[in-house]
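**Q** Sequence:
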Amino acid sequence: MKPDNLGFTEDRRPMETMSETSEATTTTAASEYQGFDYNEDITVLARQLGIDNLEDLKRERFRVNRRRLEQMLTGEDESLERADVFFEKV
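Position 14 of the sequence shown, counting from 1, maps to 14 under the UniProt record's numbering, and the rest follow consecutively.
Be aware that a few hints might be false.
Derived DEER-like restraints, expressed as beta-carbon distance ranges [claimed, not checked]:
hint	residue 1	residue 2	range
1	N39	D77	33 to 43 Å
2	V90	A46	18 to 28 Å
3	I42	F62	12 to 22 Å
4	G75	D52	37 to 47 Å
5	N39	G75	32 to 42 Å
6	E78	L54	39 to 49 Å
7	R63	D41	13 to 23 Å
It should be emphasised that the hints constitute simulated quantities derived from the structure, not laboratory data.
Glycine included, each C-beta is placed from N, C-alpha and C at the ideal position.
Could you build the full structure based on these sequences and the hints that come with them?
**A** Written out as structure tokens, the structure is:
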């Protein structure tokens with residue numbers, strides 16, 4: 001992949017490869033370099049859900065405040081909802 005094309009799909013839309021590792025640093029990585037095969041994984045997921053047409057699957061991405069998530073998981077901040085309660089609603 002040429003450097004001037006890195007981060008864009010063929011129709012020039014930005015690829016969704018940004019991963020927030022902390023509040024101070026961010027990294028980007030093309031998923032193919034990390035051994036992640038999205039097409040294979042999505043096919044397995046569709047099969048497990050009994051979905052024949054991959055077009056019926058939708059993927060949503062959202063930003064996560066890592067520090068807040070860690071606090072929810074560890075229970076450090078009692079003013080935050082517990083992670084298990086939060087994810088049960090999601």
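**Q** Take the hints in turn and mark each one as holding or not.
**A** Going through the hints against the structure:
1. The beta-carbon spacing between N39 and D77, approximately 39 Å, falls within the hinted interval of 33 to 43 Å.
2. Checked against the hint of 18 to 28 Å, the C-beta distance between V90 and A46 comes to roughly 20 Å, which is consistent with it.
3. Judged by the Cβ atoms, the range 12 to 22 Å given for I42 and F62 holds: they are separated by roughly 18 Å.
4. At roughly 42 Å, the beta-carbon separation of G75 and D52 lies within the given 37 to 47 Å, and the hint holds.
5. In this structure, N39 and G75 meet the distance hint of 32 to 42 Å, their C-beta atoms being roughly 38 Å apart.
6. The hinted range of 39 to 49 Å is satisfied by E78 and L54, whose Cβ atoms lie roughly 43 Å apart.
7. For the pair R63 and D41, the supplied restraint of 13 to 23 Å holds, since their beta-carbon distance comes to about 22 Å.
The structure fails none of the hints (numbered hints given earlier).
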